[in-house]
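Protein chains in written order, with the numbering used here: chain A, 1 to 748; chain B, 1001 to 1178; chain C, 2001 to 2330.
Since the hints were made in silico from the structure, they are not lab data.
Heads up, the beta-carbon is just placed ideally off N, CA and C, and yes, glycines get one too.
Each hint should be verified, as a subset may be incorrect.
Said to hold, decoys possible - Here's a subset of chain B near chain C, in silico, CB distances under 10 Å, partners left out:
| hint | residue |
| --- | --- |
| 1 | D1004 |
| 2 | R1042 |
| 3 | S1044 |
| 4 | C1070 |
| 5 | A1088 |
| 6 | E1090 |
| 7 | G1091 |
| 8 | A1134 |
| 9 | L1135 |
| 10 | N1140 |
| 11 | M1151 |
Unchecked claim - Under the rule of at most 20 Å between Cα atoms (straight-line distance), these lysine to aspartate or glutamate pairs were calculated in the DMTMM-like manner:
| hint | chain 1 | residue 1 | chain 2 | residue 2 |
| --- | --- | --- | --- | --- |
| 12 | A | K638 | A | D10 |
| 13 | B | K1169 | B | E1138 |
| 14 | A | K638 | B | D1170 |
| 15 | A | K638 | B | E1115 |
| 16 | B | K1169 | B | E1145 |
| 17 | B | K1169 | B | E1115 |
| 18 | B | K1169 | B | E1137 |
| 19 | B | K1169 | A | E687 |
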Amino acid sequence: MNTAIGRPVDRVDSQAKVTGGARYTAEISLPGLTYAAVVGARIPSGRVEAVDASRALAAGGVLAVLTHENLPEIAGQPHLLPSLLGAAAPGQSFFPMQDAAVHYAGQPVALVVAESHEQAQYAASLVDVTYRREPSITSIDEGRDRVYEAQRLFGGLMPGRDERGDVETALAEAPVRIEAGYRFAANHHNALEPPATTAVWQDGRLTLYDSTMGIRATQLTVAHLLGLPLSHVRVITHFVGGGFGSKAMTWPHVTLAAMAARHVGRPVRLALTRAQTYTSNGHREEQEQSISLGATRDGRLTAIRHHKLSITSRFDDWAEPATGVSSQLYDVEHYEGVHSLIQGNTMTPTFTRGPGETLGVFTLETAMDELAYELGVDPVELRLRNHAGADPRGNPWSSDGLAECLRLGAERFGWHGRDPRPRARRDGDWLIGTGMAAAAYPVAFFMPEQRARARVYEDGSAVVQTGTQEFGTGVLTVATQVAADALGLPLESVRFEAGDTDLPNTSAAVGSAGAGMVSAAVHAAATALRDRLVAMAVADAASPLHGADPAAVDVADGRMRLRDRPGTGESYADLMIRHRLADTEAVGSWTPPPLDTPHGLLTFGAQFAEVAVDPDLGLVRVRRMVGVFAPGRVLNPKLARSQLVGGMVWGLSQALLEGNEMDTRHGRWGASNLGEYLVPVNADIPEITVEFVEVEDDVVPLGIKGVGEIGQVGAAAAVANAVFHATGRRLRRLPLAAELVMDPPASS
Amino acid sequence: MGIDLTAEAASRHQAPTVRGPSEEPVVLTINGTHHTVGLEPRVSLLDALRDRLGLTGSKKGCDQGTCGACTVWVDGRRVLACLTLAIACEGRQVTTIEGLAADGEPHPMQRAFVEHDAFQCGYCTPGQIMSAIALIEEGNAETDEDIAEFMSGNICRCAAYPGIRQAIKDVRDARERP
Amino acid sequence: MRPLGYARVSTVAEAVEIVATDPAGAFLAGGTTEIDLVRLGVARPDLLVDINDLPLHDIDDLPGGGVRIGALARMSEVARTPAIAGRYPGVAQALLLGASQQLRNMASMGGNLCQRTRCAYFRDGVSPCNKREPGTGCSALDGLNRGHAILGTSEHCVATHPSDVAVALVAFDAVVHTAGPGGVRRIPIDDFYLMPGDTPDRENPLRHGELITAIDLPPAGIAERSVYLKFRDRQSYEFALVSVCAAVRVEDGIVTEARVALGGVGTKPWRARLAEQHLLGVPATAESYAAAAAYELSAAVPRRHNAFKVELAQRAIVRGLTQAARGGMR
Ligand SMILES: Cc1cc2nc3c(=O)[nH]c(=O)nc-3n(C[C@H](O)[C@H](O)[C@H](O)COP(=O)(O)OP(=O)(O)OC[C@H]3O[C@@H](n4cnc5c(N)ncnc54)[C@H](O)[C@@H]3O)c2cc1C
Ligand code: SF4
Ligand code: FES
Ligand code: FES
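Please model the entire structure based on the sequences and the hints provided.
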């Protein structure tokens, strides 16, 4: 029993991916396909005074140029809500090309449709737009006089402030205090597949092929914006080339593709260019965080104050919540978390892998490192001393594991016996340092009910369906494993179908929630189907199981049998053929626990890193990383490990490489390609060790807490703490670029 | 001397033919098969493969030479199809990911990628595999450092780098002990 | 991308003639600069003349000990040619530290010398930029200029020359051969690169239709023990923040000959002649290297985001000379 779950099976889609057979959205070919190209605004603020499309229209193959002057009005206003909620999720409360106003550079101001990709791209460069530029704010520095405290965050999902106790007094009275402020450059997801949408209308019905992390969100959003019945919008997504949050919302280009297709009466493919992804699918906002820790001399935290300031768009109060973990991880009586905002001329920022908490934990865990030095306490010991035995909000943890992660990580890494003195180890031109951080990430249940369908055929093979989508997490594989076990079938007999809104609904896969919620729905459907077949058998006089207690029956290899007398039983196939059932199916659903479930919900882990720093040249090389995580049930360790490694690499690069600056004069991002916005290459990445700590959790679905984000959390802090250990210099900006890391010139 | 730098060499003369800018029949040899396609000269090899020939295994991650997702072989060497004009490939042999398992038998590198879970979303994967096989052919897979350095032209945003290196080492070692 | 005519030529004469007579014609070698810039709308040719069939691919020994590299030899081939890897290690290392193997397989040596700056304002096609649209101003002067030059700049342009191999070629006095409408000529590589001055759009002395046919490296001499070090944010597939090509001859602890050239900091591949002069006759110590480096960098004009390069370049020179003195590669 339980033969597939927990096994490191290969991805079910691996053949398609290694042979080039996997078709991503921009690869769907359709008869009569046309190509659209977006023209983005060059200014960050102001108005389009005139659009002269004559040169574009005269270019070869051009079918249409759409602007605010001839694009139809949208039927419903967009409202910002995260896609996970299961409602329309337009990414920002603003839809472009409805009037002449420009609110951010890159905002679509025209759309060209042509017979070929080359013709569309070229004609887009021929659209002459005249602008009237108005003053803009595109960085925190420019907007310091307009800071306000955010009431709600994350599309209204969370309060902007979180308090308990009396922080002011507790900090004032604390024997030891650490205060630090950090600046974090904006991040861009840079999923390797740029977003694309192909739209086809037939008889008033719309089919969209979309590279999205939530087909249902695309369906709801486009139907809302175009005023279509949901039954008239179908969204299909077979493969997605990475998301990391950038494809979790339904950005304007998706609906624009549908509008363009309606306008030209032919299918339209709209693929964003790499440069356009920097201004079309959200980003992680530029931000500053400050933290104050109060502690006793023996290293017990008494108070934490954690503030975040960031820049959002003109139309939405979006900030990644950064203070969830800092309010929960440690046993601290007095706490204050506050988010402040500046409205500026960028698009609305969005989820970016490890939303909010990765940088929140960076702030917390580098401050904890400072505290450890201040007190002369080992950093691992300091975390163990302060870890909350229960959620400081008053509830028990649904499951814990932090202490085990810290201990196992310290052991695997070889932490013990570390000489804590900075600049104590050298290897040629390199200073060697080690650092660690605790990791935690919230498990959140914002989604509505999730559904799946399971069908068994008379030959004992099965199809399981749900409207989720595969963007690299391996959800198709783990859901197949879950279905196979629940049905009592070998893995090879189960085919999984997803990526189509005509299938039973699941929500967008955001915040590590995907595998758990999909698996729970699939498990419910498969279990319902198995129960039905078992019920049929025990009720059937012709069955060897006639009269048995259904609870005494289990299924293995498609054969139902008595648990304590496995010789007695029959196969699904025999039963179904006897009943002349060519197939039979069941729908199952899973309803998440209520938001006020009386449990503290965090996934825990621990991160360790060793770095080499060349202090003359400011170079940092990560030599090895060890991550230990307690993500609850691991359905497939091979795939879980890949995701965790991926997260740790994201943490490494958040620490060392990633960041974009605004040219505030032009209101445009400084970097808009993969040559300038640096993501790690193979040579940047050392060998990475991932270990699991087993915890049982009966609050989260199937005991799964998720692996999508926790790998990243704490990784950047471990690297930065290691850089401190190597150099003795505490750097308070990310990324840790050479100019920050290099020893300053000896003053002469 | 291989290269003639003299003024006489520079003055030898014939009239070349200019093709385009409108569509022209172009003969491409891809995975051993000749295709005649109508193409404007500005069409990249990558767009010709993906949009005209239905060979969508080669991916477009940037269209600027900065990611490696479009890696194919031209005359046996790995190159970037996004910065190559299709028309310039006339008379050359183009090999794409679809050409690897042409006889139905997967290439050992494809198997090793599955074995080591050397991908997640799969979007960089065809380019990684085309690079990885070429890397071994070039003799640049001797050391771990060489593998990492010479595979650095293929970005994997899912960060499957450790698995990619392991897959390459497996294939290299299997070749060394036949 | 704009519509393009295409012609493939098989002789140098054809190539020169067809481009020289068409003001909107341009040579196409590996295409790694040209296709990129045409797609970005920064280069605007109407006709690309494919020169890859020209017989300019060979790498040959020259009588007297030098090497002639055909303009169409690929970066990856040049790097692994024994004559280069063995006698000019700094050149081979510069090649291998540039771009990626795919790009090195495509990129020609002639094209490499002619590659354009990676200044983001130049490449974005819309920002004011004197190099792209003379007279419009320079967005980098007061803009984001971390990647920009500190040596050889002018008030009109501070763009860095991006080539790695050109730095090594400048260090060893390579000579560029060309064939053009007016005949053939030889251009010492240091003269091949022009300072921006008030004409940053003119980067080299090539006339329209003039083709690079080959690059000569003089007999190796000191180059035989050269190193090329490249420092950047990520470990590979990135242009240099600072790079240094260095070679040094030390006799009895005293420097008797030195070559130093810098990348990533100059508006042209930067031969550090001031440092070289300063090194002659001094003890081969880190202190005297640092003094020479400081002398070279005293002319630097830092800007808001690239001031760190002044110090970084000095330390890079010290590192380069130290390694070179130790006998080349570690
Ligand atoms: C992502 C990326 C990263 C890179 N990283 C680096 C790096 O780290 N270091 C580095 O040094 N380089 C780097 N490069 C630049 C690369 O080396 C150059 O693009 C390449 O060398 C240009 O050669 P090509 O043959 O492709 O030239 P082409 O693109 O074909 O031509 C470039 C220009 O030179 C002209 N031209 C070509 N050949 C001749 C000739 N024989 N005579 C006269 N004119 C000619 C063309 O008309 C064109 O204007 C990088 C490029 C990319 C895209
Ligand atoms: S530095 Fe030169 S290339 Fe860059 S914007 Fe200024 S003029 Fe243009
Ligand atoms: S698509 Fe060619 S390198 Fe990115
Ligand atoms: S597998 Fe997603 S980019 Fe490599």
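Cross-check of the supplied hints:
Hint status for D1004 (chain B): holds, given a least beta-carbon distance of 7 Å to chain C, under 10 Å. Annotation: R1042 (chain B) was flagged as interfacial toward chain C, and the flag holds, the nearest CB pair being 4 Å apart, inside 10 Å. Interface restraint check for S1044 (chain B): the shortest CB-CB distance to chain C comes to about 7 Å, inside 10 Å, so the restraint holds. This hint holds: C1070 (chain B) has a C-beta 9 Å from the nearest C-beta of chain C, less than the 10 Å allowed.
Checking A1088 (chain B) against chain C: minimum C-beta separation of about 5 Å stays under 10 Å; hint holds. Taken as an interface hint, E1090 (chain B) checks out: its beta carbon lies about 8 Å from the nearest beta carbon of chain C, inside 10 Å. The interface hint given for G1091 (chain B) is met, as the beta carbon of that residue sits about 9 Å from the closest beta carbon of chain C, less than 10 Å. The criterion of a C-beta within 10 Å of any C-beta in chain C is met by A1134 (chain B), whose closest approach is roughly 8 Å, and the hint holds.
With a cut of 10 Å, the hint placing L1135 (chain B) at the interface with chain C holds, because the nearest CB-to-CB distance is about 7 Å. At its closest, the beta carbon of N1140 (chain B) sits 7 Å from a beta carbon of chain C; the interface hint therefore holds under the 10 Å criterion. With a least beta-carbon distance of about 8 Å to chain C, the hint placing M1151 (chain B) at the interface is held under the 10 Å criterion. About 8 Å separates the Cα atoms of K638 (chain A) and D10 (chain A), which keeps this hinted pair within 20 Å; it holds.
For the proposed pair K1169 (chain B) and E1138 (chain B), the alpha carbon gap of about 14 Å is at most 20 Å, so the pair holds. For the hint pairing K638 (chain A) with D1170 (chain B), the CA-to-CA distance comes to about 17 Å; that is within 20 Å, so the pair holds. For a cut-off of 20 Å, the pair hint linking K638 (chain A) to E1115 (chain B) stands: about 10 Å separates their Cα positions. Proximity of K1169 (chain B) to E1145 (chain B) is assessed by CA-CA distance (about 12 Å); at most 20 Å being required, the pair is judged to hold.
Distance restraint check for K1169 (chain B) and E1115 (chain B): the Cα-Cα separation of roughly 12 Å lies within the 20 Å cut-off, and the hinted pair is therefore satisfied. For the hint pairing K1169 (chain B) with E1137 (chain B), the CA-to-CA distance comes to about 13 Å; that is within 20 Å, so the pair holds. About 14 Å separates the Cα atoms of K1169 (chain B) and E687 (chain A), which keeps this hinted pair within 20 Å; it holds.
When the structure is compared with the earlier hints, no violation turns up for any of them.
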